[in-house]
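Protein chains in written order, with our numbering: chain A, 69 to 516; chain B, 86 to 303.
Careful: at least some of the hints might be erroneous.
[What the hints assert, rightly or not] Mimicking EDC-like on lysine to aspartate or glutamate, the simulated pairs with C-alpha atoms at most 20 Å apart in a straight line are:
hint	chain 1	residue 1	chain 2	residue 2
1	A	Lys280	B	Asp232
2	A	Lys83	B	Asp223
3	A	Lys262	B	Glu277
4	A	Lys513	B	Glu262
5	A	Lys90	B	Glu279
6	A	Lys262	B	Glu278
7	B	Lys96	B	Asp239
8	B	Lys248	B	Asp107
9	A	Lys513	B	Asp104
10	A	Lys280	B	Asp107
11	A	Lys513	B	Asp241
12	A	Lys262	B	Asp223
13	A	Lys83	B	Asp105
14	B	Lys96	B	Asp232
15	A	Lys280	B	Glu278
16	B	Lys122	B	Asp232
17	A	Lys280	B	Asp223
18	B	Lys256	B	Glu279
19	B	Lys117	B	Glu258
20	A	Lys90	B	Asp105
21	A	Lys137	A	Asp463
22	A	Lys83	B	Asp232
23	A	Lys83	B	Asp107
24	A	Lys280	B	Glu277
25	B	Lys89	B	Asp241
26	B	Lys282	B	Asp223
27	A	Lys262	B	Glu279
28	A	Lys90	B	Asp232
29	A	Lys171	A	Asp355
If you are wondering where the hints come from, they were derived from the structure by calculation, not from laboratory data. Owing to the predicted nature of the structure, the values given are computational and were not obtained by experimental measurement.
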Amino acid sequence: MYTADIRQPLVTGGKTYSDVTKDVCRPIENKPTSSWWLGFSIAVILLLVLAGTLAWTVWEGIGTWNVNKSVMWGWDITNFVFWVGIGHAGTLISAILLLFRQKWRMAINRSAEAMTIFAVFCAAIFPLFHMGRVWLGYWPLPLPNAFGSLWVNFNSPLLWDVFAISTYLSVSLVFWYLGLIPDIATVRDRATLKARKFWYGFFAMGWNGSAKSWGRYEVVALILAGISTPLVLSVHTIVSMDFATSVIPGWHTTIFPPYFVAGAIFSGFGMVLTLLLIARHVMNYQDYITTEHLEAMTKVILLTGSIVGLAYITEFVIAAYSGYEYEQYAFANRMFGPYAWAYWTMMFCNLMAPQVFWSKWARTTPWFIFIISIIVNIGMWFERFVIIVTSLHRDFLPSSWVMYHATWVEVGIFLGTFGLFFTCFFMFAKFLPVINMAEVKTIIKDKE
Amino acid sequence: MVDKSILLDNKKFTVGIFDDSDKLLHAVNTLKEKGVKIFDCYTPFPVHHLDHALGYHRTNLTIGAFLCGLLGCLSGFTLAYYMNVVDWPMIIGGKPQDITVFTSFIPVMFELTILFTAFGMVIMFFARSRMIHGIKEDLLSRRQTDDHMVLAIDNDQEQAMSKDDILSLLKKEGAIEVNNSKEAFNTSLTSEEELAKLLKSPKAPTKAKTSTKKTKKK
């Protein structure tokens, strides 16, 4: 394939195959650094907060949350959509960019996929506990029940969500594990400790890099990418239908599926950038995750951020033009009502802030990208908060208008999911290869 | 179901170890031209065109994947249709609950199609490639998952060239190490001391054989 001379190399620093192996296996084969311990300890403390607040919720009941009969979805569903959205970048990078033959994905796909899986774990907590009796969490599954022949309702988008999220989680896990096998085999063959030999040997499933296996492996990876692409698009489409198929003004819009998918990719890339900028700095992976990678990702942020911004404006124009007073009021209330601060935070973070990436300097300066990535994360949380809470708190009946503020339990659960997410991520960074060695070795001599 | 041609047990191999994928590919092509049957190659990463050079056909796993997907799709429909139409129709707002609600079954059918395809195909891949948890791996070089590429020729197979010729040809193609009777070993179940012994012993015949290189060149 022809590549122009102005293209930058994908891996810098003149790395050889064995350099790649050594660099990527270093954290696995050595004792964790003090910065790892520091980060891991903070994450575990937050994880304990999660355990505590969830235990309190189960013990005392959903009354510990401020959700009520008008605002029946508060921080919980906001956080659910937030985490599911973050989970979208991993599969996008590994599946859609594989189909588009974007080679820069190879250094970052492993960690992005890990992020996907951990984010979906975090997301699943919210609907499960919001149902109130978490020990009956299997009720949304299509099982015959003991109280008669009533089954789950297949007309409900909430049930579609059960299928979509669980399929997404399991297919992402399979995709991730398949990609890990050759790298786990590399760690196995370098291992000198008995326990490491055994466990990595166990999970490597006898992989020996045979050309026959590689041939099959590549076909399987391609097909998985092919089916994961519509899957990733379907998941957030179905999440958006949880809202769009209702009759609540502000939710009942046909623009939701594409708008939510773009928003999910936007927030996912925001989180990938946050994590990778830390990982690349702490683990010294600047030669693998180069500024070229950062630039490519910021371009995706710019594109999806603009799509999201366009969707906000479209929604507003459609509401104004609809001649439907409740819809018009819902949008006026978002902009100028009691939650206007949340709306304008969202507009600033998602529509305005990413526009700085038109500048080459902004796209290639890591500390600046880090700040913007945090802003994107905040903005996307507020987007879900605005959609859910401002639409619900003033519905058709003025007598049921209320304000909603989260309790410490809801805040604790949200912070706690960050603990779960980062605990998983730190464990991943310690025990598994953070960069896909086998794939990076194929592009070591290539250009972008 | 397991692909028998990938088993290395109780076999001895003539191997050439390369450190460059282009050299390996060239060596494979040269050996194939001379009519040498190659058992398999072992590489730390997928080397493009190598499967083609070795004469492997594209895998049929895609057909299996399609069938799994079809099964998933039908399962999704059957599940939803039986539960919501046949067994216990839920009449909400007086709307009909028959085949016309088919459209609301589509998301579930779609998700199950993907689920069945992914799991079915990966399970078939593991089965074909003889991969399962706890199986011992057959390696010919400890660095074949790191930076070495191994070209293996089964010593029991009839070859168009003599073994010495093959070894010298491999050397000429740029192999950094050749060996005329290598046996498979594994790292996960063998202790370091035993591995050290295993990996040292077969060195002696290698040197003797490679000395024939000069005469064959002429």
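Results of checking the hints against the structure:
| no. | hint | result |
| --- | --- | --- |
| 1 | Lys280/A / Asp232/B | 18 Å, holds |
| 2 | Lys83/A / Asp223/B | 28 Å, violated |
| 3 | Lys262/A / Glu277/B | 9 Å, holds |
| 4 | Lys513/A / Glu262/B | 24 Å, violated |
| 5 | Lys90/A / Glu279/B | 24 Å, violated |
| 6 | Lys262/A / Glu278/B | 12 Å, holds |
| 7 | Lys96/B / Asp239/B | 7 Å, holds |
| 8 | Lys248/B / Asp107/B | 23 Å, violated |
| 9 | Lys513/A / Asp104/B | 14 Å, holds |
| 10 | Lys280/A / Asp107/B | 18 Å, holds |
| 11 | Lys513/A / Asp241/B | 38 Å, violated |
| 12 | Lys262/A / Asp223/B | 18 Å, holds |
| 13 | Lys83/A / Asp105/B | 14 Å, holds |
| 14 | Lys96/B / Asp232/B | 24 Å, violated |
| 15 | Lys280/A / Glu278/B | 31 Å, violated |
| 16 | Lys122/B / Asp232/B | 24 Å, violated |
| 17 | Lys280/A / Asp223/B | 14 Å, holds |
| 18 | Lys256/B / Glu279/B | 28 Å, violated |
| 19 | Lys117/B / Glu258/B | 13 Å, holds |
| 20 | Lys90/A / Asp105/B | 18 Å, holds |
| 21 | Lys137/A / Asp463/A | 11 Å, holds |
| 22 | Lys83/A / Asp232/B | 12 Å, holds |
| 23 | Lys83/A / Asp107/B | 17 Å, holds |
| 24 | Lys280/A / Glu277/B | 29 Å, violated |
| 25 | Lys89/B / Asp241/B | 15 Å, holds |
| 26 | Lys282/B / Asp223/B | 17 Å, holds |
| 27 | Lys262/A / Glu279/B | 13 Å, holds |
| 28 | Lys90/A / Asp232/B | 11 Å, holds |
| 29 | Lys171/A / Asp355/A | 15 Å, holds |
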